[in-house]
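Asker: First to last, the sequence lines map onto chains A, B and C. Using my numbering, you'd call the opening residue of the first sequence number 1 and step up by one each time. Using my numbering, you'd call the opening residue of the second sequence number 1 and step up by one each time. Using my numbering, you'd call the opening residue of the third sequence number 1 and step up by one each time.
It should be emphasised that the hints constitute simulated quantities derived from the structure, not laboratory data. Mixed in with the good hints, there may be bad ones.
[As the list claims (entries may be wrong)] So the derived list for chain B, only partly shown, Cβ under 8 Å to chain A, looks like this:
{"no.": "1", "residue": "A30"}
{"no.": "2", "residue": "L105"}
{"no.": "3", "residue": "A129"}
{"no.": "4", "residue": "M138"}
{"no.": "5", "residue": "L186"}
{"no.": "6", "residue": "Q238"}
{"no.": "7", "residue": "F240"}
{"no.": "8", "residue": "A245"}
{"no.": "9", "residue": "A262"}
{"no.": "10", "residue": "S275"}
{"no.": "11", "residue": "T286"}
{"no.": "12", "residue": "I294"}
Keep in mind the model is a prediction, meaning the values are calculated, not measured. Virtual Cβ for every residue (Gly too), placed ideally from N, Cα, C.
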Amino acid sequence: MQRTTTIGRIVRWILLLLVGLFFLFPIFWVLLMSFQTNAQILRIPPSLFFEPTLENYAALISGRLETAAGTLEISFMRNLWNSVILSSSSVLLALVLGVPAAYAFARFRFRLGEDIAFTLLSFRFAPPLLVLLPLALYFQTIGLNDTYIGLIWVYQLIVLPLILWIVRGYFEDISPDIEHAYRVDGHSWIRTFTRIAIPLARPGIAAAALLAFIFAWNNFIFALILASADKQPVTVGALAFVTASGIQYGQIAAAVVLSVTPTLLLALYAQRYLVEGLSLGAVKG
Amino acid sequence: MATRAGEMATTPRRRSARHNLLPYLLSLPALLVCIGILIPFFTAVWYSLQRYNLALPFTRAFIWFDNYKEFLSDARFWNTVQVSLLYTFLTVGIELLLGLGIAMLLRRATLLNNIMSVALMLPLMIAPAIASLMWKLMTNPNFGILSYLVSLVGLENFKWASDPSTALLTVVLVDVWVYTPFMMVLLLAGLRALPPQPFEAAELDGVPASFVFFRITLPMLTPYIITASLFRMLDSIQQFDIIYAMTQGGPGDTLLVFQVAAYLEFFQYTNVGRSAALLMVLWAITFVLSNLFIKQWLRLRERARGAA
Amino acid sequence: MSYLTLDGVKKSFRKEEVLSGVSLGVERGETVVVFGTSGAGKTVLLRLIAGMYEPDEGDIRIGSESVVGVGPEARDVGMAFQNFALYPHMPAFENIASPLRARRRPEDEIRRRVHRIAGLLRIDHVLHHLPRALSNGQKQRTALARSLVSGPSVLLLDDPLRNVDAKLRYEMRLELPRVLRDFEATVIYVTQDYKEAMALGDRIAVLIDGRFAQVAPPAAIYREPASMAIARLFGDPTINLYPCRPSANGEGVGVELFGSRFALPPACEEAAGRDCLIGLRPEHLQIGMERSEGAVPVELDAVTPLNVRAVLLLKTQAGEEVLASCSEADALRFPRGHRAVWARPAMETALLFDRESGERIGPRRH
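Working from the sequences, and respecting the hints, build out all of it.
Answerer: Here it is, written out as structure tokens:
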């Protein structure tokens, strides 16, 4: 690996450039489009230089679009808000449900625990429609269809296994003797859990929460089936956007940008933990 | 001077509550979620054994495995199987090769490489449905930058996802764009976790690079490769978001992979029984694959925990 | 009545029996050293007393109450762990204060007591540091301070000097008994080092094969070990052992050894006629240049200095290896390369063990 010939280095640079171009260009291009008017977008050949405009974002944020055909109501901001509510609530719930369970699985070896952990893991890989379609029918009868609560409950299918398996690993990494010492000092197991286990596992809990948030935010199929227009998150909302008539392409691009910015920022913030999170703790970053 | 020993007991010494119950209490909520998953699952199994169409409620009947038997002679079913397998094979194959290549390029932990590896992770953080939307914008025949670029090399009127002959390629392209970073991230972590000694020794001995790659690097990377590939296979064979967002399964039936077909079967043809049966077939495939995967993944996890 | 009582305690892990019936009574204010080789079960025993594990069978009593089934936080024990087990996210002060906070002591009392014990153990200048900023010696003393600060009924020390450098170990070996006496603590101290055991213990409980093979003051363990295994564990270099068969003749009991017949004290008469192993500690062999009464000719193979003593490796005419030790000064008397010397075993110190069971059968005392 120390053998770096000049040709080798040039080739490497070129390859890296091509790779970077391939993966980052679409993001860049759509970002550009979001600052263009329809006229600029439709211009051939497309050019990198133009006068940017904020009218796309203004239209989305204000919720109104003035066109030649009249004023159009856009509810994209509502979609954004739905995404925020659904993602944060489901992650919060998953933390409340999952962190104590992860502790139980890490510290106690009990048959039921292994079974639960494995069921949750195995359904992470099962086709979601298998659970969603019957659930859609059930929800209609129970009346949970198209409710935040129903959706947050269903989102647990995505976020809970993640939290469970990542946080469990962090709890397992804490030397049991530290907790024993705290108990011997005279503290109850609850205090040991809150004052020792959780603080020492905090990086893992944060990492799991961030990653779970990203996955919840990016979810499409759950909301597609179980949410109707006013509860839809941005993933479904953006698509509905496209099929609605009279929408300008620049706004579609702007909607895309608004949809992906939160997760991109979070990913950059939590980059250290991404490897471990993505592999559910199988590979250490 | 010091406290006499035993003066300051904490609480009166009493038998503590049976803390055997504690783990069960802590995991009770998780258990509830489990049950919340298993009930619909078994319902789906139940439905798959019925002739059940929401639009024709009076024809609902228990028909055991007839749904499955019908699949065997149904051209649409085999089309679904074929498209799904082809999609899986293409995406996982390309992503593996590409991901491995990029990981090799970024192997050394230099500042540039680290920045690159973070930057390259971004497509993975975008919702696949939105990614499809982005590529839809770029491949629009009227203003899409890719349509324009492709026309420059002579391919006028390239229809991308609207054309049956290129639709699969287009969605594979989107999938590769979104998920290659996943491969890259895992393989890069694996590469960096490899012990340096065999490579140092090979360098001292003047071993050629290709030999090092094929006989040293690859064999040591195999567990990561297998784990990552199985992970991606599991995702690809049940891919919904990308394909649905791009074409809803069209044009025609060119992109009717399992979950898309099942979705349409349910919502468009209201055929609950058939939809459930299709999903059960898919589930069987993923069940086998996920068992293989979990074994590999646990092994990798033990290794990571052991080294920590 | 003893302050800490273990009564037939048994504990198994995964089908393997680690403790097979351990009984011990510890008096208030006494220091009992639990000594054994690694894996013998010493740490398990400590954890049973602390409450981290529950015994499969048997009882554990502190004061007069049984503590079986009582959680660690209610047992009023203090424990210092081998790997310190300090709380990494709290400064040393908070680590030490932890037992006092659990007992809800007022702030000023906590501050007073933590500073006092930190001063006693000479770590008061690092109290504000996190554990990762402390040296091993400081970590060990922090762990010790934490275990002592609340004046617990029973103090459990799990080989605290193991992970500490030699100089500090030596210092602590002198300091610890003083500190422990100041606190009037009832202490169970676990170690694998026999010298530490002999220096620190009022009594030593030797743990072999899941049982206490002998519980006695250090001198008794050394001079009257209950079995060959115990005799081997105490003493450096290890005790010399040779198969023999004492026999009685007109003049009393005697034994054939190194080609000569030696007389044994009358207290050994029970060993007569049995297959035995005779044990002679290296310091009980007198090595000299000239022949003397009761000495046999041996060949000096090697001299190894060991601290202020020297270890001599000798070979008898029959080829048996003998280890003897003498002071450095004495060792210097032997001219370089000199081979032929004389060894006189002090038979009054000889120990006789049954060859099959390993039990000591001679000499009988009181």
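Asker: Using 8 Å as the Cβ threshold, decide whether S275(B) counts as touching chain A.
Answerer: holds (6 Å)
Asker: Can the hint on A129(B) be confirmed by a CB-to-CB distance to chain A that is less than 8 Å?
Answerer: holds (4 Å)
Asker: Have a go at the F240(B) hint: is there a Cβ in chain A nearer than 8 Å to its own Cβ?
Answerer: Where the cut-off is 8 Å and the nearest Cβ of chain A is about 5 Å from F240(B), the hint holds.
Asker: Next item in the hint list is T286(B). Is there a CB on chain A closer than 8 Å to its CB?
Answerer: OK, holds: T286(B) within 8 Å of chain A, min 6 Å.
Asker: Can you verify the interface hint for A245(B): is its Cβ closer than 8 Å to any Cβ in chain A?
Answerer: This hint holds: A245(B) lies near chain A, its Cβ roughly 6 Å from the closest one there, short of 8 Å.
Asker: Would the hint on M138(B) stand, with a C-beta cut-off of 8 Å toward chain A?
Answerer: holds (6 Å)
Asker: Quick check on the hint: L105(B) CB to chain A CB, less than 8 Å?
Answerer: holds (6 Å)
Asker: Quick check on the hint: Q238(B) CB to chain A CB, less than 8 Å?
Answerer: With a closest approach of 5 Å, the Q238(B) hint holds.
Asker: Quick one, is the A262(B) hint okay against chain A at 8 Å, beta carbons?
Answerer: holds (5 Å)
Asker: Let me know if the C-beta of I294(B) comes in closer than 8 Å to any C-beta of chain A, holds or violated.
Answerer: At 7 Å from the nearest chain A Cβ, I294(B) passes the 8 Å test, so the hint holds.
Asker: Against chain A, is L186(B) within 8 Å by beta-carbon distance?
Answerer: holds (6 Å)
Asker: Hint A30(B) vs chain A: min CB-CB distance below 8 Å?
Answerer: Check passed: Cβ of A30(B) comes within 4 Å of chain A, closer than 8 Å.
Violation of the numbered hints given earlier is absent; every hint is satisfied by the structure.
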